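Undergrad: Chain by chain, the residues run as shown.
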Amino acid sequence: MSIIEINKLNKFYDEATHALKDVDLTIKEGEFLILLGLSGSGKSTLLRCLNRLIEPTSGGITFLGKDVVTASPTDLKSIRSDIAMIFQQFNLVKNLTVLTNVLTGSLSKHTFFSRWTKEEKETALKNLKRVGLQDYAYRKVRNLSGGQQQRVAIARALMQKPKLILADEPVASLDPATADSVMNYLGTLNREDGITVVCSLHFLSLARKYGTRVVALKDGKIKFSGTPNEIDDAKFKEIYGEDAEEVEIR
Amino acid sequence: MAKNKKVHSKQRFITNILDYSISLYIGTTIAFLYNYWSETTINPWLVFGLSTLLYLILIFIPNTPGKSLYTEKESRIKFFSQVYHYIYSALIALTIVVGWIMVEISPVEFFTGMDGTRNIVRGLFTPDKTIFWRMVSELIKTIYLALMATIFAVPIAFLLSFLAASNLMNKTWLGRTVYAVIRTISTIIRSIEAIVWAIIFAVWVGIGPFAGMLALMIHSIAALVKLYSEQIENIDQGPVEAITSTGASTLQVWRYAVIPQIINPFLAFTIYRWDINVRMATIVGFVGGGGIGLQLFQKQQMTDWNGVGTIVWLIALAVWIMDMVSAEIRKKLLSN
Numbered sequence: 001m002s003i004i005e006i007n008k009l010n011k012f013y014d015e016a017t018h019a020l021k022d023v024d025l026t027i028k029e030g031e032f033l034i035l036l037g038l039s040g041s042g043k044s045t046l047l048r049c050l051n052r053l054i055e056p057t058s059g060g061i062t063f064l065g066k067d068v069v070t071a072s073p074t075d076l077k078s079i080r081s082d083i084a085m086i087f088q089q090f091n092l093v094k095n096l097t098v099l100t101n102v103l104t105g106s107l108s109k110h111t112f113f114s115r116w117t118k119e120e121k122e123t124a125l126k127n128l129k130r131v132g133l134q135d136y137a138y139r140k141v142r143n144l145s146g147g148q149q150q151r152v153a154i155a156r157a158l159m160q161k162p163k164l165i166l167a168d169e170p171v172a173s174l175d176p177a178t179a180d181s182v183m184n185y186l187g188t189l190n191r192e193d194g195i196t197v198v199c200s201l202h203f204l205s206l207a208r209k210y211g212t213r214v215v216a217l218k219d220g221k222i223k224f225s226g227t228p229n230e231i232d233d234a235k236f237k238e239i240y241g242e243d244a245e246e247v248e249i250r
Numbered sequence: 001m002a003k004n005k006k007v008h009s010k011q012r013f014i015t016n017i018l019d020y021s022i023s024l025y026i027g028t029t030i031a032f033l034y035n036y037w038s039e040t041t042i043n044p045w046l047v048f049g050l051s052t053l054l055y056l057i058l059i060f061i062p063n064t065p066g067k068s069l070y071t072e073k074e075s076r077i078k079f080f081s082q083v084y085h086y087i088y089s090a091l092i093a094l095t096i097v098v099g100w101i102m103v104e105i106s107p108v109e110f111f112t113g114m115d116g117t118r119n120i121v122r123g124l125f126t127p128d129k130t131i132f133w134r135m136v137s138e139l140i141k142t143i144y145l146a147l148m149a150t151i152f153a154v155p156i157a158f159l160l161s162f163l164a165a166s167n168l169m170n171k172t173w174l175g176r177t178v179y180a181v182i183r184t185i186s187t188i189i190r191s192i193e194a195i196v197w198a199i200i201f202a203v204w205v206g207i208g209p210f211a212g213m214l215a216l217m218i219h220s221i222a223a224l225v226k227l228y229s230e231q232i233e234n235i236d237q238g239p240v241e242a243i244t245s246t247g248a249s250t251l252q253v254w255r256y257a258v259i260p261q262i263i264n265p266f267l268a269f270t271i272y273r274w275d276i277n278v279r280m281a282t283i284v285g286f287v288g289g290g291g292i293g294l295q296l297f298q299k300q301q302m303t304d305w306n307g308v309g310t311i312v313w314l315i316a317l318a319v320w321i322m323d324m325v326s327a328e329i330r331k332k333l334l335s336n
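From first to last, the protein sequence lines are chains A and B. My numbering puts the first residue of the first sequence at 1, with every later residue one more than the last. My numbering puts the first residue of the second sequence at 1, with every later residue one more than the last.
For reference, chain B alone in the conformation it holds in the complex (with noise of 0.2 Å):
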């Protein structure tokens, strides 16, 4: 009897805080159309009293979302079996209102401004021919930098990754402490963008393709500790059980019994990130990574059209062909 009790005034809980948060939501989303059309503001302690008289009125309607969650069919009063329709169609139609008016959708705007982009469209498809081996190199230099930014990459990530394998690090203090702390870095460095670290790495050796294979490089190594350390997690703990008992030391059994099974898929992921890589290494270029994506930041900026086609072909040109090879070349290692 207790344990019911217990549920039912959780029931009665989460029922409120539904039907409450509702009551706030409406609220505060009229509020916000109030103050668009009459551009004026309302005090908030107002819309908080008012959305709080809104829901002490659903208290006394049956079937609101939070009471039907528990509900039984039988037991709902038929003039009001649809209220918790109309509130939810309600919430969807004022989201979309609220929505509309804070992206500022302009649907004039797309359909009668395309004019301006006439020339840039223009550019596009007839693009300088006589910037096209200058571009040429700049995206061989582009293509070298992501290059040498998975290189330095690779080995810190491999030996790193070993460090943040649950399976091997799991069996000490020390260990766990290792993998938790390699864990959090290298999740904290992933979610920086690779522009921000170019930026800090552009104020730190100077604007050029060192900086960007330094922002590259940096992301990289954290990516590829994740991938090569869940594929280390992922391997047949057979081979390892039986080079143990052999009498092998633990680096002879990381040598002999996980490296040759993570090899092919090690590879892989490492080229799927030179891939990954080359694309991020224009973006990079943008903020002063140099190579192409400098040269395509600085055209746009004369509004030099001809030449930005030029740019976002070769870009477009490069990024196809790294795609095709080196899926076909993970295809090729992951599958023996």
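For reference, chain A alone in the conformation it holds in the complex (with noise of 0.2 Å):
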């Protein structure tokens, strides 16, 4: 079953920037999706498109059979609340506690005046626990390193309770190790709830640990799809040019 399917998507900024040039992808459900491809290659538009705070030029996205790209407000703010995203600055609002970072994932269930309720507490510190963080809740964001924000952005994704969750180059503000812990939290979300990822990364040791599929994107038109383990020397010099090298993160 898929949940994204993208249908002949295009994006101009302007006459001359075409970011996304004729996109076709289907995305199935339960799929850990790892985007590849040089910065301005595209990645970041083509997943800000599918929840749209890019508006694509053209084309068709559906998200579980809804329409996303002519959805009415309301409707895209419903589609939104569906759909989890994690930044690569993890913008977080830095003056707020941590609990309350958390509990803004669950905005979409609120009017301006409603306050939270009990259970949204008692989830929002379980969603911190989860990413182990419970003993933060009451400190303010700008206190934390990079790792520790990234894992309260997705305890702020989890309290979406996401079908899918975007992910812009989640670990390219961290550390290698913190990268990789930041990736597994990714992993178990995938694995454990069922949650689908598509998620930009520009390692392709971390793509092979975690993805289940590789769609590498250059110039903005998909350039391969398949396994991690099919991206040869030959694949990767055709989606990063003929001089790059693989350089390996542990």
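Read the hints as simulated data drawn from the structure, not as lab findings. Fair warning: there could be bad hints in the mix.
Cross-link-like lysine-lysine pairs, in silico, DSSO-like; alpha carbons within 30 Å at most [said to hold, decoys possible]:
{"#": "1", "chain 1": "B", "residue 1": "Lys10", "chain 2": "A", "residue 2": "Lys21"}
{"#": "2", "chain 1": "A", "residue 1": "Lys218", "chain 2": "A", "residue 2": "Lys21"}
{"#": "3", "chain 1": "B", "residue 1": "Lys332", "chain 2": "A", "residue 2": "Lys77"}
{"#": "4", "chain 1": "A", "residue 1": "Lys66", "chain 2": "A", "residue 2": "Lys237"}
{"#": "5", "chain 1": "A", "residue 1": "Lys94", "chain 2": "B", "residue 2": "Lys331"}
{"#": "6", "chain 1": "A", "residue 1": "Lys140", "chain 2": "B", "residue 2": "Lys332"}
{"#": "7", "chain 1": "A", "residue 1": "Lys140", "chain 2": "B", "residue 2": "Lys331"}
{"#": "8", "chain 1": "B", "residue 1": "Lys171", "chain 2": "A", "residue 2": "Lys94"}
{"#": "9", "chain 1": "B", "residue 1": "Lys171", "chain 2": "A", "residue 2": "Lys66"}
{"#": "10", "chain 1": "B", "residue 1": "Lys10", "chain 2": "A", "residue 2": "Lys94"}
{"#": "11", "chain 1": "A", "residue 1": "Lys221", "chain 2": "B", "residue 2": "Lys171"}
{"#": "12", "chain 1": "B", "residue 1": "Lys129", "chain 2": "A", "residue 2": "Lys94"}
{"#": "13", "chain 1": "B", "residue 1": "Lys171", "chain 2": "A", "residue 2": "Lys8"}
{"#": "14", "chain 1": "B", "residue 1": "Lys332", "chain 2": "A", "residue 2": "Lys109"}
Among the chain A residues that face chain B by a calculated CB cut under 8 Å, a handful are [stated by the list, open to error]:
{"#": "15", "residue": "Lys77"}
{"#": "16", "residue": "Thr104"}
{"#": "17", "residue": "Gly105"}
{"#": "18", "residue": "Leu107"}
{"#": "19", "residue": "Gln160"}
Using C-beta positions, here's what the derived DEER-type ranges look like [unchecked claim]:
{"#": "20", "chain 1": "A", "residue 1": "Arg142", "chain 2": "B", "residue 2": "Asp304", "range": "50 to 60 Å"}
{"#": "21", "chain 1": "A", "residue 1": "Arg142", "chain 2": "B", "residue 2": "Arg122", "range": "52 to 62 Å"}
{"#": "22", "chain 1": "B", "residue 1": "His8", "chain 2": "A", "residue 2": "Asp243", "range": "23 to 33 Å"}
{"#": "23", "chain 1": "B", "residue 1": "Glu230", "chain 2": "A", "residue 2": "Ala177", "range": "35 to 45 Å"}
In this text the structure is predicted, and so the values were computed from the model without any measurement. For every residue, glycine included, the Cβ atom is placed at its ideal position computed from N, Cα and C.
Reconstruct the complex from the two isolated chains, following the hints.
TA: Below you can see the structure in the form of structure tokens.
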């Protein structure tokens, strides 16, 4: 069963900047899909089109059978509430506590004036416990390290009870060891909770370790789609250019 | 080639404009001096004609200020190589002479007219102690006046600042219009001095602290809208994106992603504004805004210099304390 179907998706930022060129892609439920590609290849644009943080120029996207591109503002909010997003710069509200940041994941169930319920707070604490940060609930986010902040972001994503997680280079600002631990949390969510993950990455080693499928973008077009092990030296050079050398991180 | 020619004609245009402006300026300043010393009035057309004549002479001289903009060093004719230096020196000298006369600068008065101020200076240094407590109460009234103006201005400015922040409003045509209208009105209000607003409101609601408060309030709203909205424009867009992606509404995004980022700078600006308002409240009092400013105005009208002394020292003390306290609080707020 497919969770996302992308059909001839195009994005122009302006006449000269054609970020996505006729992208066709089907993402199946339960996949851990890795997006590879150079900076500027269209990975972030593609991810952001899926929940319409960026408006696509043309083409179709369906999420669990619902049309994303033409969705009304109300429908769009309900679609977004099922799709959690994780960012390279964590994008937490630094002046708020860890707990409040996690709770913002359930905003779609609230009106402007309603308050967090007791159950939501308990769920938030439980989600923090899952990422090993239960002792940090009442700290300000600014005092946390990068790896801790990204784990808070994962807890916020869990709060949405998402069917799909979009991760935009979630480990690009982290050191290798922390990067692996953050990817490990995403892998656990994928396997244990059955949440589909679409994650853009720069490191092939992490793609091999966690990905069930790899899609490579080059200049806004899909260049490769297959299992991580199918990417050999020739494929790698095709994606990243002739001069590229694979850098291992362990 | 065609492009070169175009640049060339543009250069010639600038050269001539500069030389002609300089000729006109020299002509009019000399005419001003002639009028001043001979106490007659020259026909403006004569000045215009003579200036044009000067310009026509300059055309035949190399290295005038205009020509020096584009000439190479090598091509300068030696004898005239300093011409533009002479002309610039003449311009500076003429300007200083004309300015001196226009501003009626008089060093003799400055050094001999001190006697008249003796009473004032003596008054300032022997303040009238009998009115001390009454003036303290007027000063407190002024501080409250400034505080009320700030308190009423803050919520209005707060709401308006969101509508005046381009990063929140540039998404739709309606948004851009609202943004432009609010920014324009607030610029106009700010450019009118608080003292003018005080005169308007003194007529409107009568002389007294209420008029002063209204004057400071309207000025504070305009100033705070600018400061607040610029702060909103400088926020980190990341959290906005993240909260939007959870399916939150626009108002929820403002509440959870925008406001937490701006609350401390907003408080800092507000305290700074109160500090400014205390200083402005004194001036506003002069024209009917009440409080200690009005007392200062009355004492000065009655040439009661000892009374003026009491008031001036009290104001200085209040401003000094406000200044220090507000600087300290702002530092604390903005450091985390």
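Undergrad: Does each hint hold? Answer for all of them.
TA: Against the structure, the hints:
no. : hint                                 : result
1   : Lys10(B) with Lys21(A)               : 46 Å, violated
2   : Lys218(A) with Lys21(A)              : 10 Å, holds
3   : Lys332(B) with Lys77(A)              : 39 Å, violated
4   : Lys66(A) with Lys237(A)              : 37 Å, violated
5   : Lys94(A) with Lys331(B)              : 19 Å, holds
6   : Lys140(A) with Lys332(B)             : 17 Å, holds
7   : Lys140(A) with Lys331(B)             : 20 Å, holds
8   : Lys171(B) with Lys94(A)              : 25 Å, holds
9   : Lys171(B) with Lys66(A)              : 25 Å, holds
10  : Lys10(B) with Lys94(A)               : 55 Å, violated
11  : Lys221(A) with Lys171(B)             : 29 Å, holds
12  : Lys129(B) with Lys94(A)              : 54 Å, violated
13  : Lys171(B) with Lys8(A)               : 26 Å, holds
14  : Lys332(B) with Lys109(A)             : 36 Å, violated
15  : Lys77                                : 4 Å, holds
16  : Thr104                               : 5 Å, holds
17  : Gly105                               : 6 Å, holds
18  : Leu107                               : 4 Å, holds
19  : Gln160                               : 6 Å, holds
20  : Arg142(A) with Asp304(B): 50 to 60 Å : 56 Å, holds
21  : Arg142(A) with Arg122(B): 52 to 62 Å : 58 Å, holds
22  : His8(B) with Asp243(A): 23 to 33 Å   : 47 Å, violated
23  : Glu230(B) with Ala177(A): 35 to 45 Å : 41 Å, holds
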